[in-house]
Amino acid sequence: MVTPSSRSTRLARVVVATATAVALLAVSSPALAANGTIGVRETVCAESLFVRTEPLGAWMGTLYAGQTFQVKGPRSGGYIYGFAYGHVNRNGWVQDGWFC
Amino acid sequence: MSAKVAAAVTALGIVLAAPPAAQAYVVPRHAVNICQSASFYDNYDSASGPYGLKRVLEYGNKIGHTPGAHPVYNGWAATFDFGPNDWGYMRLECIGGYDSW
Numbered sequence: 001m002v003t004p005s006s007r008s009t010r011l012a013r014v015v016v017a018t019a020t021a022v023a024l025l026a027v028s029s030p031a032l033a034a035n036g037t038i039g040v041r042e043t044v045c046a047e048s049l050f051v052r053t054e055p056l057g058a059w060m061g062t063l064y065a066g067q068t069f070q071v072k073g074p075r076s077g078g079y080i081y082g083f084a085y086g087h088v089n090r091n092g093w094v095q096d097g098w099f100c
Numbered sequence: 101m102s103a104k105v106a107a108a109v110t111a112l113g114i115v116l117a118a119p120p121a122a123q124a125y126v127v128p129r130h131a132v133n134i135c136q137s138a139s140f141y142d143n144y145d146s147a148s149g150p151y152g153l154k155r156v157l158e159y160g161n162k163i164g165h166t167p168g169a170h171p172v173y174n175g176w177a178a179t180f181d182f183g184p185n186d187w188g189y190m191r192l193e194c195i196g197g198y199d200s201w
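Protein chains in written order, with my numbering: chain E, 1 to 100; chain P, 101 to 201.
Extracted from the complex, chain E is given alone in its bound form (with noise of 0.2 Å):
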């Protein structure tokens, strides 16, 4: 039998379960790391990232998070050029996707 205070028990239980979804959502978020636009000087999200000669090229260099990476373009195979800042300070390709 549902009476009005096990009803508004329930609603309530229901109000904390969502919006203890909704911080937890809130707190993961910032691990979304994106993919990067081109012209804009990107952040490093990833706590490493390596800089390469090409798409699935030589390794030339390692970027740490919170290093900054100017996109250029273009895109190729998941990876994407341009000029990797930090203490590499050259042009090379870097795996998409782990900006901030």
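Source of the hints: derived by calculation from the structure; they are not laboratory data. Mixed in with the good hints there might be a few duds.
[Unchecked claim] One side only, chain E facing chain P, incomplete, derived with CB under 8 Å:
no.: 1; residue: A58
no.: 2; residue: G61
no.: 3; residue: G73
no.: 4; residue: F83
no.: 5; residue: R90
In this text, a Cβ means the ideal position worked out from N, Cα and C, and glycines have one as well.
Got chain E sorted already, so can you dock chain P onto it with the hints?
Only chain P this time, still in chain E's reference frame:
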């Protein structure tokens, strides 16, 4: 939200924040350090030279380099250290004994 769902959301966040695969796509050729000791740097800054000393390699340490594929800047060669399995820069003249192991 149940504890399982919360744990799954947290795990997803951790996975998404993890660094991308750090494997070497261009596999380096086996070589060794032929200098008595060689400084191994984290990066090569095109403005200021080698940056961030990681460690000093001893004579005979196993390393890898792919001539022609991995860049050499001003005598500093992109090199793979087969000890901790990481990349760095060391002097090109210290790389020798290709395919010796």
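Status of each hint after checking the structure:
Evaluation of the E/A58 hint against chain P yields a held restraint, the C-beta minimum of about 4 Å falling below 8 Å. Interface hint at E/G61: satisfied, since its Cβ lies 5 Å from the closest Cβ of chain P, which is below the 8 Å cut-off. Interface restraint check: E/G73 against chain P, minimum CB-CB distance 19 Å, threshold 8 Å, status violated. Annotation: E/F83 was flagged as interfacial toward chain P, and the flag is violated, the nearest CB pair being 10 Å apart, outside 8 Å.
Restraint check, E/R90 versus chain P: the minimum CB separation of about 5 Å is within 8 Å; hint holds.
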